[in-house]
Amino acid sequence: MKYKEWIMILLDKIDDEEVLCRIYCYIHRIYADWVLSKK
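Numbered as in this note's numbering, the sequence shown ends at 50 without a single skipped number.
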């Protein structure tokens, strides 16, 4: 799954937890919106 691979690459590149959390929350929000729009 490309989505997970991309996150793993980000985890390798980013050590700052605050930035990581911000990116994760942003991606999660987009993913949640996409899932809701599919219904």
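Warning: the hint list may mix true and false statements.
To be verified - Straight-line alpha carbon distances no greater than 27 Å define the calculated DSS-like cross-link-like pairs of lysine-lysine that follow:
hint, residue 1, residue 2
1, K24, K50
2, K49, K24
3, K49, K13
4, K24, K13
5, K15, K49
Claimed, not checked - Taking CB as the label site, the calculated pair distances span:
hint, residue 1, residue 2, range
6, D26, K49, 27 to 37 Å
7, L21, W45, 11 to 21 Å
8, A43, L21, 11 to 21 Å
9, K50, K24, 32 to 42 Å
10, D26, S48, 18 to 28 Å
11, K24, W45, 29 to 39 Å
12, I18, L47, 30 to 40 Å
13, A43, M19, 32 to 42 Å
14, K50, D23, 16 to 26 Å
15, R40, K13, 28 to 38 Å
16, I25, K50, 24 to 34 Å
17, C36, E16, 18 to 28 Å
18, K13, C36, 11 to 21 Å
Hints listed in this document are in silico derivations from the structure and should not be mistaken for laboratory results.
Remember, predicted model here, so these are calculated numbers, not experimental data.
For each residue, glycine too, the CB sits at the ideal point set by N, CA and C.
Taking only the CA atoms, is the gap from K24 to K50 under or equal to 27 Å? violated, 34 Å
Range first: 11 to 21 Å. Now tell me if the beta carbons of A43 and L21 are that far apart. holds, 18 Å
Take a quick look at whether K49 and K13 sit within 27 Å of each other, Cα to Cα. holds, 19 Å
Satisfaction of the hinted span 18 to 28 Å by the C-beta atoms belonging to C36 and E16: Since the Cβ atoms of C36 and E16 sit about 20 Å apart, the hinted range of 18 to 28 Å holds.
Starting from the range 18 to 28 Å, see whether the pair D26 and S48 falls in it by beta-carbon distance. violated, 33 Å
Can you tell me whether the CB distance of R40 to K13 sits inside 28 to 38 Å? violated, 18 Å
Is the gap between the beta carbons of A43 and M19 within 32 to 42 Å? Given about 20 Å between the Cβ atoms, the range is violated.
Evaluate the given range 32 to 42 Å for the C-beta pair formed by K50 and K24. holds, 33 Å
Is 30 to 40 Å right for how far apart the beta carbons of I18 and L47 are? With a Cβ separation near 20 Å, I18 and L47 fall outside 30 to 40 Å, so the hint is violated.
Would the hint linking K49 and K24 be met if the CA-CA limit is 27 Å? violated, 31 Å
Between K15 and K49, is the straight-line Cα distance small enough, at 27 Å or below? holds, 20 Å
Take a look at whether the Cβ-Cβ distance between D26 and K49 falls inside 27 to 37 Å. holds, 34 Å
Hint check: violations occur at hints 1, 2, 10, 11, 12, 13, 14 and 15; the rest are consistent with the structure.
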